[in-house]
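Visitor: This is what each chain is made of:
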Amino acid sequence: MSEQHVARADGLVKEFRLGGGRTLRAVDGVSFEVRRGETLGLVGESGSGKTTVARMLIRLEKPTAGRIDFEGRDITALRGSALRTAVRRRMAMVFQNPSTSLNPYQRVGDVLAEPLRVHKAGDAAERRRRVLEMMEQVGLDPAFAGRYPQELSGGQRQRVGIARALMLDPSLIVADEPTASLDVSVQAQVVNLLQDLQRRRGLAYLFITHDLALVRHLSHRIAVMYLGRLVEIGPAAELFADPAHPYTAVLASMQRDTEHRILPTGDIPSPVDRPAGCGFSSRCPLATARCVEQAPPLVPVSDGRRVACHFPGELRLGGEPGHRAVPAPPPLALPVTGLPTLKKGG
Amino acid sequence: MSEGLLETAAAPSPEGFRQDALVMKDVRVTLPTGKGLLRIIRDATFHVAKGEIVALAGESGSGKSTSIMAALRLLPPGARVDGTIILDGQDVLAMPRRELRGLRAKRARLVFQDPWRSLHPMKRIGAQLVESARTADPSLSREAARELAERMLARVGIPEPASRMDSYPHEVSGGQSQRIVIAMALVAGPSVLFCDEPTTALDVTTQAQILELLRELNRELGLSIVIATHDLDVISDLADRLVVMYAGEVVEAGPTAEVLSRPRHPYTWSLLRSAPGSHEPGERLHTIEGRPPGPAESPAGCAFAARCPSVHEVCLSTRPEPRPVAPGRSAACLLTEGYGPITAGARDE
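Top line first, the protein sequences correspond to chains H and F. Once you know that position 19 of the first sequence is 19 in my numbering, the rest is easy, because the numbers rise by one and skip nothing. Convert by adding 1000 to the 1-based position in the second sequence; the result is the number in my numbering.
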């Protein structure tokens, strides 16, 4: 059992104290596991609690309640050197914005050597060797070791962010929108790199994104959050083809033709005055009185799939799932011209 | 030079321009710096017909946002604009400053990417809408402006508009803020709405709602809309026409569905191919290696040549100009079918 998953969250709750004695429950009883070598996509609107969940899993935030297991060990309350050896060496985070998550006064080589230094791995020469080796692995010219982050392009900076996360040989990487600030063509390079690294090193990813096409592309399984709760989790293909929760259906419909899109009305409610029942009831086209009063528990609906809805699978999708057709390459013709270079070339 | 590419733009008669919300002809934006001249936009030509939705698509540095800023003459001090820009029938580059302010306040309005930064954090939403309406039309009474503001808030889908008028921007969500910013533009009664990445900061479902709203406004009010975006999915079923920009140049233009399904420029094709949605899940994504030339560089030939999968010798020395390659379509690629004979060598910079 413990060999199957690398990390597991059980009933995670996170409350933040606001002024005036009020509390904000950002995460409300979230349970899931990340399996070895898999990508678990975590999607949800801003304010749904997905980043807070990730930060708790990696122990950057302390959960208000609940338990986190990592590599077969309860890490919920670990501190000091135990936290450093059990968690910090084996989990790492890749942040959204490589421009702000890298120290502008540190050369790339030092950025990458720092985790080794902090964890007292090897001597200076050994650290240097490992930095250069890692740069090669992530496709960075070793000459960049002496450069500063602002001398690099966005894509290169994100490669540095990924390399830094890998320096201590982690088994789990939490990636929070790692490609959101990149252009499409650069994003493709970074996505390929992440997949190569996963295959080569057996890494597991918890991949947070709001880009549905991307999460569908990368993830083996997808977890959907809404207003601090997990509303559905299951294999990526099934979730998009046949969503069980109405909110998942809304998301999946965005990947279909316009006439089949389901647009929810209104906005996500504030977690400060969360509805008593289902969090999605205020926007759900299926909502009944029961949904407003009673929060549905997350229960299995089929093998490997769990959903929190009183009417799972009832909001059906029209149209065809699947990806956009790849356009044909542009029809090209050799220029008809009297240019000498072309005559020579034939 | 680009004869017949844009019928209206090619004929510089005022009659022709009246048909268009925006005409950009051979627009060049340069920025002199200590390290030399930066070429931000290189001879961009495109037009937006009245009542049309046109998307300017491109990656960062392509010049899509700068095109919008140039059309409104909102470029940073020191930037030099050459060429012709006709906005709502008026020559923007020849306009005195005061008239320009009037144009921006009333006829041509701009919606930015980040709605939070477009609203004054310490002023009530109603006051900001009233200010916008009365700047556009000083003869409007405060009461009439308030009434107009409320009506527009209702129109853009803000629930309980009357009470929202008294809210502060921090009290509303991101999606609502963007609706309010759009309402703030609408109270001026513009004929052209410029949107710079209007949904990039928003969630997927909110994004879809805002795009739907823009579509409705276009249909109901005949509003011409120019959207700069890096996300081709966002505009695939919103924009009537697509103008694809690369390294400060327009490389392809045409009806959106046609450009997306049958691109005529290798860059457009490469870009569409690199999107995750065009792949089987898990499959290796197609990439475009390398990066675009920076604004300080001036390649002699095609700006995309170094990254182009179909590059030919001639592409390295001859700079392509946008030419009609099919009805309603233009492309700046020497090799694309229908481009025709190459008559000149490299165009002068």
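Because the hints were derived from the structure by calculation, they are not lab data. Glycine included, every Cβ here is placed at the ideal spot set by N, Cα and C. Check each hint, because a few of them may be wrong.
Claimed, not checked - Computed spacing ranges between beta-carbons, pair by pair:
| id | chain 1 | residue 1 | chain 2 | residue 2 | range |
| --- | --- | --- | --- | --- | --- |
| 1 | H | 19 | F | 1117 | 19 to 27 angstroms |
| 2 | F | 1328 | H | 329 | 53 to 61 angstroms |
| 3 | H | 83 | F | 1255 | 19 to 27 angstroms |
| 4 | H | 241 | F | 1117 | 54 to 62 angstroms |
Said to hold, decoys possible - Just a few of them, taken from the derived set where beta-carbon distance is under 8 angstroms, the chain F residues facing chain H:
| id | residue |
| --- | --- |
| 5 | 1032 |
| 6 | 1033 |
| 7 | 1191 |
| 8 | 1213 |
| 9 | 1288 |
Unchecked claim - Some chain F residues flagged as far from chain H (calculated, every beta-carbon gap over 12 angstroms):
| id | residue |
| --- | --- |
| 10 | 1026 |
| 11 | 1081 |
| 12 | 1088 |
| 13 | 1151 |
Visitor: State for each hint whether it applies.
Guide: For each hint, the structure was consulted:
1. H/19 / F/1117: 19 to 27 angstroms: At roughly 25 angstroms between Cβ atoms, residue 1117 of chain F and residue 19 of chain H fall inside 19 to 27 angstroms, so the hint holds.
2. F/1328 / H/329: 53 to 61 angstroms: Given range 53 to 61 angstroms: violated, Cβ gap about 20 angstroms.
3. H/83 / F/1255: 19 to 27 angstroms: Check failed, 58 angstroms falls outside 19 to 27 angstroms.
4. H/241 / F/1117: 54 to 62 angstroms: 39 angstroms, violated
5. 1032: 23 angstroms, violated
6. 1033: 17 angstroms, violated
7. 1191: This hint is violated: residue 1191 of chain F lies away from chain H, its Cβ roughly 26 angstroms from the closest one there, beyond 8 angstroms.
8. 1213: 11 angstroms, violated
9. 1288: 4 angstroms, holds
10. 1026: The claim holds: residue 1026 of chain F sits with its nearest Cβ about 23 angstroms from chain H, beyond 12 angstroms.
11. 1081: Holds, since 25 angstroms exceeds 12 angstroms.
12. 1088: Consistent with the label, residue 1088 of chain F stays out of reach of chain H, its closest Cβ about 30 angstroms off (over 12 angstroms).
13. 1151: With a cut-off of 12 angstroms, residue 1151 of chain F remains clear of chain H, as the shortest Cβ separation is near 20 angstroms.
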